[in-house]
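Chains Z and V, in that order, are what the protein sequence lines are. Counting with my numbering, you get residues 1 to 576 for the letters of the first sequence. Counting with my numbering, you get residues 1 to 252 for the letters of the second sequence.
There could be a bad hint or two in this list.
[Stated by the list, open to error] In the DMTMM-like style, the derived pairs of lysine to aspartate or glutamate whose C-alpha atoms are separated by at most 20 Å in a straight line are:
(1) V/K172 <-> V/E115
(2) V/K88 <-> Z/D344
(3) V/K75 <-> Z/D424
(4) V/K88 <-> Z/E316
(5) V/K126 <-> Z/D424
(6) V/K88 <-> Z/D424
(7) V/K88 <-> Z/D124
No lab work stands behind these hints: they were computed from the structure.
Residue strings, one per chain:
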Amino acid sequence: MSEPAPADTASVALPPQPGIWILLSPKWRTALARVRQERSGAGMRLLLLSLVGFGFWSAIFGVSYRVLKYFRGVPDIGTLVATKLLAVLLLAFLGVLLLSNIITALSTFFLASDLDLVVSAPVDWLRVYIAKLGETTVHSSWMVGLVALPIFTAYGMVFDGGPLYPLIVIAAIIPFLVMPAVLGAMLTLLLVNIFPARKTRDLLTLVAVGAVGGVVLLLRLIRPEQLARPEGFRNLLDYFSMLQGPTNPFLPSEWAADMVMNWLLRIGDPLPILLLWSTAGVLGVVGAALHQKLYLTGYSKAQEGKDSFVRGGGWERLLAPMLRTSGPARREFILKDLRLFFRDSTQWSQLILLAVLLAVYVFNIQTLQLFSGEQVPTFFVTLVVFLNQGLAGFVLAAIAARFIFPAISLEGRELWLLKSSPLDLRAMFWSKYFIGTLPLMVVALSLTLVTNGLLHASTFIMLISVITISLFTMAASALALGLGALFPQFGTENAAQIPTSFGGLVFMMSSLCLLALIIVIEAYPVSSYLQALAVGQEPGVGAEVVLSMAVVAALCTASTVLPLRIGLKRLQELEL
Amino acid sequence: MIQLRDLSKSYGRFTAVDRLNLEVPRGELFGFLGPNGAGKTTTLRMIAGILQPSSGSVTIGGEDIQSNPEAAKAKLGFIPDRPYVYEKLTGAEFLRFVAALYGQEGAEVERRMDELLELFELTPWKDELTESYSHGMRQKLLISSAMVHRPAVVVVDEPMVGLDPKSARTLKDLLRAFVERGGTVLMSTHTLEVAEAMCDRIAIIHHGTLAASGTMEDLRRETASEGLTLERLFLKLTGGEVPRSLQGMFDE
């Protein structure tokens with residue numbers, strides 16, 4: 001050998017460290033490439049997105065603007081209520097952000113496919129931490145950002161924020177978004193280190209249980225009943241002091257709200273901005289220190305083995321005889337979907353959240369106390385029952401987003417098998433629709449019957465509710481499945497992230513627009529009914545009731561058939 | 001048994017497969033070769049009905065894959081190049097599921113399933129989730145899934161990747177036995193020795209078009225390459241013979 005081989009023991013100069021931007025380049029370049037692909041094709045998707053997005057933003061802005069304008073006109077307490085409202089909204093956002101960050105951090109820090117490459121490269125730990133934290137923050141916060149934008153705009157316009165107002169909002173929102181991301185990453189890091197052998201299944205169970213606690217805590221912190229019942233206070237002074245006092249002085253949501261409102265009300269108090277940025281800074285340092293100490297051990301433990309053995313399966317023995325009459329393809333398809341659901345902790349753990357959502361909802365209806373003490377007019381009860389429809393619809397849309405929207409995405413990289421087999425994709429699509437719709441319908445009807453029962457709804461309004469919610473459930477399922485096929489998330493590392501994707505947002509916006517439209521259409525006959533009640537007449541089922549229900553039925557049918565058709569067509573055309 | 005007529009596939013301005021004509025008769029093991037990016041996988045995925053052709057047609061056992069997809073696919077077993085399987089199903093559940101997609105179930109399926117799992121030495125793992133399988137085990141499971149419903153045609157993309165020598169040998173024997181009993185195989189591979197030893201006929205595709213097709217003798221005659229091995233012939237046809245200097249590659 002004429003030349004010596006490279007020395008294997010001599011010290012080698014460390015390579016220069018890549019910038020954070022370089023570390024994140026696969027992500028943002030992928031996002032850019034996706035945007036370019038969207039632009040070059042799929043014009044209809046873009047149009048649909050623009051329409052739904054514009055409608056949704058306009059609605060949020062319109063409602064916020066009107067409410068704030070009204071508050072501003074109320075002397076003395078109007079501004080206080082607007083401040084309180086912002087704090088409560090940001091508190092709700094904080095809860096959503098924390099949960100979303102825990103779920104996202106599990107993917108970005110421990111499950112993502114690029115991690116082997118990043119961890120095996122000579123990149124220092126701090127850069128990896130900052131890059132992954134940035135990725136987590138963007139992934140879990142963009143949706144909250146989109147919803148918050150029209151609300152902050154409305155505040156700025158109503159309270160004359162001035163040209164510097166957007167900068168103030170940005171200065172408030174950055175630490176507000178970073179803090180839950182750091183906390184989420186820290187919590188995930190600790191859980192992965194504490195529960196290595198039980199893997200993600202148990203980790204996510206813990207996250208779900210934690211979320212349960214979070215939701216309950218959130219409800220207690222908001223104390224909404226106090227705002228709704230000023231008569232519950234001993235005197236007006238107490239009500240004032242409650243409005244003036246912070247909801248919870250130790251939460252970043254309060255600091256962010258104060259910072260924005262201080263600017264809008266021309267109050268020169270630097271404390272909120274100091275609290276926001278210093279706490280975010282301290283949390284960041286603690287998070288980075290924890291990452292340096294625990295990340296590599298946690299990452300290694302997260303790789304340790306996967307599930308080998310099948311647990312449970314009692315439901316299969318129960319269900320298999322019931323499916324005996326359907327053909328082998330349909331039966332195995334349904335069983336396959338159910339097996340994948342119950343064996344994937346990222347999926348079944350969401351049932352816990354669903355149970356909490358439903359329990360909180362029924363609990364809230366029960367605590368309305370319409371029937372305690374004095375007699376509440378039927379007029380008022382009927383109005384509450386009618387509006388209850390909207391709330392139930394919202395809950396159903398959220399459930400559909402969690403469980404039906406991901407159905408096509410979850411076929412993912414295995415879709416080659418279905419497409420190369422003689423299985424009729426239409427039959428597969430319908431099977432997924434019915435598997436999703438049937439349980440959702442059971443939940444929808446139970447929810448409507450139970451809550452309307454608690455509210456002592458009249459037969460007329462009960463009938464309208466049941467018909468409306470049934471039609472809406474079918475439409476929401478179809479929208480979820482159709483838009484899930486239109487905006488699939490193949491190859492996702494964590495099923496819990498699919499509903500919070502861009503397509504998930506489009507689905508939520510579309511179904512809520514549909515819900516709003518249904519309520520507007522039904523408002524006229526219901527108001528006629530209420531007017532008749534108010535003047536002491538016997539209300540009957542008039543032509544306007546039949547007509548509006550027919551319009552609602554037509555609208556829901558269109559919202560069922562069109563998304564299913566579009567989704568199926570997309571699935572058939574999909575090239576893998 | 002497999003007929004490709006003027007088959008083309010374009011992605012925007014890029015043409016991956018350009019007016020490809022090919023015929024694979026019943027009872028033949030046909031090798032489909034080409035350099036990376038030549039259009040092999042695209043062609044096989046069009047045959048399997050996963051990609052829609054931009055133009056041209058694919059017929060399997062007389063059934064057009066576009067106008068009569070279910071009948072055409074019912075005759076087919078497809079083994080893709082990447083072994084993606086449902087990770088939360090056990091090996092046995094996966095095979096049962098695939099058989100059901102082809103409308104088959106019952107004792108006969110169970111018997112075939114056990115035979116195939118035994119053949120590929122997967123029996124001890126049949127009731128474990130596939131997420132715990134190695135790459136090679138998943139590949140063997142996929143091969144079993146393509147055979148479990150007794151197809152007339154098997155289309156297989158890079159079957160040897162990830163297989164240990166014993167499994168590779170088993171697969172070769174299985175494919176030969178399948179062909180000898182009247183089955184048809186279209187196989188893409190980069191392992192030229194395997195293609196040369198196993199295939200009745202070979203096609204070489206380059207830049208999406210057919211560069212040559214026939215038996216080894218036909219190929220040698222067509223390209224005036226008497227006595228050349230398939231590797232040399234392949235390099236000659238695909239322009240890969242340009243000597244490449246490796247000098248200096250590892251110099252500082």
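Going down the list of hints, with the structure as the test:
no. : hint              : in the structure
1   : V/K172 <-> V/E115 : holds (16 Å)
2   : V/K88 <-> Z/D344  : holds (7 Å)
3   : V/K75 <-> Z/D424  : holds (15 Å)
4   : V/K88 <-> Z/E316  : holds (15 Å)
5   : V/K126 <-> Z/D424 : violated (28 Å)
6   : V/K88 <-> Z/D424  : violated (23 Å)
7   : V/K88 <-> Z/D124  : violated (35 Å)
Comparing the model with each earlier hint shows violations of hints 5, 6, 7; every other hint is respected.
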